[in-house]
Amino acid sequence: MSATVPQHLRSVPAVPHRPRHVRRAGHAGRVLAILALSATALAVPAPAQAQATEQVAVSLGDSFISGEAGRWWGNSTVSAAAGCTRGGTDRAAYRRRLICHYDPQRVYDGTAVQGESTGCHRSDAAEITGLSRAGLTPVNLACSGAETRHVINEAFKENTASQAELLAQVAATQQVEVVVLSIGGNDLNLSGMLRRCAALYMAGDKRSCASTGEGDRFVAALPAVEQQVTLAVQKIRQVMSQASARSAGYRLILQSYPSPVPSSDRVRYGEGGGGKTATRTLVGGCPLWDADFDLMHDTLAPAIDAMLRRVATATGVEFLSMLGAVEGHALCEQGTRQAGPLDDAAELGDTMEWVRYGTAGARISQGHQQEAMHPNAFGQQALGRCLLSLYRDPGTQPCGAGTPRSQT
Numbered sequence: 091m092s093a094t095v096p097q098h099l100r101s102v103p104a105v106p107h108r109p110r111h112v113r114r115a116g117h118a119g120r121v122l123a124i125l126a127l128s129a130t131a132l133a134v135p136a137p138a139q140a141q142a143t144e145q146v147a148v149s150l151g152d153s154f155i156s157g158e159a160g161r162w163w164g165n166s167t168v169s170a171a172a173g174c175t176r177g178g179t180d181r182a183a184y185r186r187r188l189i190c191h192y193d194p195q196r197v198y199d200g201t202a203v204q205g206e207s208t209g210c211h212r213s214d215a216a217e218i219t220g221l222s223r224a225g226l227t228p229v230n231l232a233c234s235g236a237e238t239r240h241v242i243n244e245a246f247k248e249n250t251a252s253q254a255e256l257l258a259q260v261a262a263t264q265q266v267e268v269v270v271l272s273i274g275g276n277d278l279n280l281s282g283m284l285r286r287c288a289a290l291y292m293a294g295d296k297r298s299c300a301s302t303g304e305g306d307r308f309v310a311a312l313p314a315v316e317q318q319v320t321l322a323v324q325k326i327r328q329v330m331s332q333a334s335a336r337s338a339g340y341r342l343i344l345q346s347y348p349s350p351v352p353s354s355d356r357v358r359y360g361e362g363g364g365g366k367t368a369t370r371t372l373v374g375g376c377p378l379w380d381a382d383f384d385l386m387h388d389t390l391a392p393a394i395d396a397m398l399r400r401v402a403t404a405t406g407v408e409f410l411s412m413l414g415a416v417e418g419h420a421l422c423e424q425g426t427r428q429a430g431p432l433d434d435a436a437e438l439g440d441t442m443e444w445v446r447y448g449t450a451g452a453r454i455s456q457g458h459q460q461e462a463m464h465p466n467a468f469g470q471q472a473l474g475r476c477l478l479s480l481y482r483d484p485g486t487q488p489c490g491a492g493t494p495r496s497q498t
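Heads up: take any position in the sequence shown, counting from 1, add 90, and you land on my numbering.
Just so you know, these hints were derived from the structure itself, not from any lab.
Misleading hints may appear alongside valid ones.
Taking lysine to aspartate or glutamate pairs in the DMTMM-like style, the calculated list, with each CA pair at most 25 Å apart, reads [unchecked claim]:
1) K325 - D380
2) K325 - D388
3) K366 - D355
4) K325 - E408
5) K296 - D380
6) K325 - D306
7) K296 - E206
8) K296 - D306
9) K296 - E361
10) K296 - D388
11) K366 - D295
Restraint-style ranges between C-beta atoms, simulated for each label pair [as the list claims (entries may be wrong)]:
12) G360 - G282: 26 to 36 Å
13) D434 - R400: 37 to 47 Å
14) A293 - A262: 46 to 56 Å
15) G430 - E361: 17 to 27 Å
We put the beta carbon where it would ideally sit given N, CA and C, even for glycine.
Modelling step: build the complete structure from the supplied sequences, incorporating the hints.
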């Protein structure tokens, strides 16, 4: 950790929940962005434990609930590359004796990438923190890159036991009020497919994932993953059935994923001819053909949502659709912007993208590839508001399809 004392997470004034923030430190660089959803996450230390008298909310699963990409207040323009904080987007940036430093542990604490088998990236803005507004203490056991097996019976990265085993340890001593699960995307290898789609665009290959059958193969894999998610839910139920009496009345919520990109008619950069120098690649960080924007937004995200809804119905748990959670603020969507060198992105949440673009290995790269295509700190606050709404009003779907989110 940096010797600098961490500060509270900042957000635009309209956002009701304000976790910790990082001191601004000038404006800094951005590197060429490429799309790639991270299915590779690394391990982290044990999650923070709540005191025995507290009521807790536990998050389990993958990067979309662990807090991946919470380091960022949106994305910065190319012109912001010369400064320290990248237009105020980089919450890990700080100055010491006029020298700019970057310490991801300011956001991810002990779960920042520190080598092989690390990087669960449980951020201080993770979705589960939204339930603190309901008086619950968040306990984040999720890990970026996790698959269903890492919930059921395998250790992964910083989690030295399966997430089910870690949940059992919490439930043995704490009053668990709610367990929230996000899982399945890595079993489907969505990140690998998106990398292949991006590679086609950057190579100027006129074929798209949609035209080469990637979408059909993805949809064909859904039934097998549905079975695995069902097993994960059943494992959680088994663990909680053996928990102390204080946790007997817990709620189990299975949630789906937002589409990180808009449909093609909402992309603010023209398709062009593709390639590494195309505007979508160099400026937007969203190198996809129009057909693949539509494939992700109109076909794959709804198909995953429907699959997870079936699991919830079959197992009798609550379901939270996240399809519309970042609608209106998706990556490269019309009506959004990137932060420039004179901006403070933390104050611009109403107009910023809520999804992280990719970074490629240049000398002054920003963050890690695994953060790409994940809800950033603004996006995670939005997910937290969706969860809070369902918690307070069971049976509703506050963030399903066709429900654009705003900061108010």
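We went through each hint and held it up to the structure:
Taken as a hint, the K325 and D380 pair is broken in the structure, with Cα atoms around 40 Å apart against an allowance of 25 Å. Of the supplied pair hints, the one linking K325 and D388 is violated, its CA atoms being roughly 32 Å apart against a limit of 25 Å. Restraint check: the Cα-Cα separation between K366 and D355 comes to about 22 Å, which is no more than 25 Å; the hinted pair holds. Between K325 and E408 the CA atoms are separated by roughly 16 Å; this keeps the pair inside 25 Å, and the hint holds.
The straight-line distance between the Cα atoms of K296 and D380 is roughly 11 Å, inside the 25 Å bound, and the hint therefore holds. As the CA atoms of K325 and D306 are separated by approximately 30 Å, the hinted pair breaks the 25 Å bound. Only pairs whose Cα atoms come within 25 Å are accepted, and K296 paired with E206 is rejected, the gap being roughly 36 Å. With a C-alpha separation of about 19 Å, the suggested pair K296 and D306 falls inside the 25 Å cut-off, and the hint holds.
A distance of roughly 11 Å separates the Cα atoms of K296 and E361; the hinted pair therefore holds under the 25 Å criterion. For the proposed pair K296 and D388, the alpha carbon gap of about 21 Å is at most 25 Å, so the pair holds. Distance check on the hinted pair: K366 and D295 sit about 11 Å apart at the alpha-carbon level, within 25 Å; holds. The hinted window of 26 to 36 Å between G360 and G282 holds, with their beta carbons roughly 27 Å apart.
Here the CB-CB span from D434 to R400 is close to 44 Å, well matched to the stated 37 to 47 Å. In this structure the hint that A293 and A262 lie 46 to 56 Å apart at CB holds, the actual value being about 53 Å. Range check, G430 to E361: about 25 Å between beta-carbon atoms, so the 17 to 27 Å window is met.
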